[in-house]
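> Chain by chain, the residues:
Protein chains: 2
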Amino acid sequence: MPKIVDHDERRRDIAHAVLRVIARDGVRGADLRTVARDAGWSTGVISHYFGDKQGLLVGALREAAEAVADRMRAISRLGDSAGRVHALLEAGMPLDEERAATCRIFYHFSSDGVSDPAFRGELANYYSWWRGAVATAIEDAQPAGLFQGHDPVELAESLVALAEGLGIQSLFDPDAMPPARLRDRLSGMIIQLQTSESQQVDHV
Amino acid sequence: MPKIVDHDERRRDIAHAVLRVIARDGVRGADLRTVARDAGWSTGVISHYFGDKQGLLVGALREAAEAVADRMRAISRLGDSAGRVHALLEAGMPLDEERAATCRIFYHFSSDGVSDPAFRGELANYYSWWRGAVATAIEDAQPAGLFQGHDPVELAESLVALAEGLGIQSLFDPDAMPPARLRDRLSGMIIQLQTSESQQVDHV
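First to last, the sequence lines map onto chains D and Z.
Residue numbering for the first sequence follows this note's numbering, beginning at 1 and increasing consecutively.
Residue numbering for the second sequence follows this note's numbering, beginning at 1 and increasing consecutively.
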């Protein structure tokens with residue numbers, strides 16, 4: 001009987017190897033040969049599944065996006081809505097090696113994402129989903145007296161932006177912005193916003 | 001008499017052409033030939049000054065960073081410190097074509113910036129300078145009763161992150177996050193923070 005190969009699982013294994021290599025060596029280090037060595041397959045097998053380096057990175061991007069989405073979906077089922085706001089935001093931040101690799105591959109494609117409609121759509125969907133999940137959690141928290149006077153959609157845009165922007169500074173400058181500092185900035189802002197009513201905004 | 005060539009000026013001219021091409025066609029479109037056509041020089045001249053496409057993009061990155069820094073330095077000399085906080089943050093956001101091109105080239109190098117120490121240092125300096133200028137403006141605004149109870153350095157980290165994160169979402173999803181929406185989110189958060197005292201933060 002021929003050996004049954006689960007192609008989806010093999011693709012996933014290889015994509016995870018790409019993310020491990022990126023976490024260790026950066027995106028530039030994630031060439032076919034290094035990934036093959038890390039995944040324990042020949043470069044022939046790798047290129048059968050992903051083609052060239054670009055295909056490999058796209059595969060890893062999809063896998064990383066899927067993993068983040070899975071984690072966010074799991075968080076979305078939590079009961080405590082204030083904790084959910086917080087956990088959803090942290091899920092997209094580079095607070096450990098895995099999430100840092102995910103962020104790196106996202107930014108690697110950010111430039112293509114701006115010019116290539118397919119990538120752009122993929123990344124736009126990711127941010128849109130993230131904002132939507134946070135907005136729902138904010139809305140759910142409001143009956144308990146939190147985030148009073150804030151428009152959940154608008155506040156979610158700002159909080160996702162805060163999380164994203166903190167993550168980027170951390171990737172460029174991990175000494176000045178280590179994970180603990182990112183957590184503090186995020187917590188500080190959430191607490192500030194959930195306990196103080198929204199101010200009337202006149203356009204400045 | 002031989003024609004005197006201002007090499008610095010020519011480099012700057014070419015770098016500006018790169019940014020124009022990026023604004024129009026994205027980073028991928030900024031190859032030697034297209035930039036040469038746009039700058040009005042031969043590809044030979046372009047490659048004399050910048051080498052290959054990578055060199056051209058690095059040159060444009062430096063020029064863009066310098067232009068943003070110049071703008072921020074000019075803003076830092078403004079007297080009105082609350083307005084200065086706002087203007088410094090907007091200076092780094094993709095609110096017009098020029099600033100959008102600057103943001104694109106920054107994100108293009110973000111991946112290299114994470115793995116290459118030289119790039120990383122350059123980008124880390126940029127963010128560090130931005131945070132520092134905003135922190136100083138916040139500190140200057142506090143005697144007038146604004147941003148009460150906030151640590152200027154910490155608040156600057158959060159506000160720069162907000163500005164950066166809004167910009168990124170806008171580049172990926174300009175329909176959902178157009179410039180007017182970015183301005184509103186930024187203004188809303190600044191007004192919220194400058195008029196409400198900082199809450200005591202217990203680590204959550």
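Mixed in with the good hints, there may be bad ones.
[Unchecked claim] Listed next, with one range per pair, are the computed distances between beta-carbon atoms:
#, chain 1, residue 1, chain 2, residue 2, range
1, D, D175, Z, A144, 45 to 55 angstroms
2, Z, E97, D, G121, 46 to 56 angstroms
3, Z, P117, D, E97, 39 to 49 angstroms
4, D, T34, Z, R37, 54 to 64 angstroms
5, D, G44, Z, D184, 52 to 62 angstroms
6, D, D175, Z, G83, 27 to 37 angstroms
7, D, D13, Z, E66, 27 to 37 angstroms
8, Z, R10, D, D13, 44 to 54 angstroms
9, Z, P117, D, D31, 37 to 47 angstroms
No lab work stands behind these hints: they were computed from the structure.
Because the structure is a prediction, the values reported are computed rather than measured.
Note that beta-carbon positions come from the ideal geometry of N, C-alpha and C, so glycine has one too.
> Each of the hints needs a verdict: does it hold here or not?
Hints and how they fare:
no.: 1; hint: D:D175 with Z:A144: 45 to 55 angstroms; result: 33 angstroms, violated
no.: 2; hint: Z:E97 with D:G121: 46 to 56 angstroms; result: 22 angstroms, violated
no.: 3; hint: Z:P117 with D:E97: 39 to 49 angstroms; result: 19 angstroms, violated
no.: 4; hint: D:T34 with Z:R37: 54 to 64 angstroms; result: 38 angstroms, violated
no.: 5; hint: D:G44 with Z:D184: 52 to 62 angstroms; result: 53 angstroms, holds
no.: 6; hint: D:D175 with Z:G83: 27 to 37 angstroms; result: 32 angstroms, holds
no.: 7; hint: D:D13 with Z:E66: 27 to 37 angstroms; result: 45 angstroms, violated
no.: 8; hint: Z:R10 with D:D13: 44 to 54 angstroms; result: 51 angstroms, holds
no.: 9; hint: Z:P117 with D:D31: 37 to 47 angstroms; result: 20 angstroms, violated
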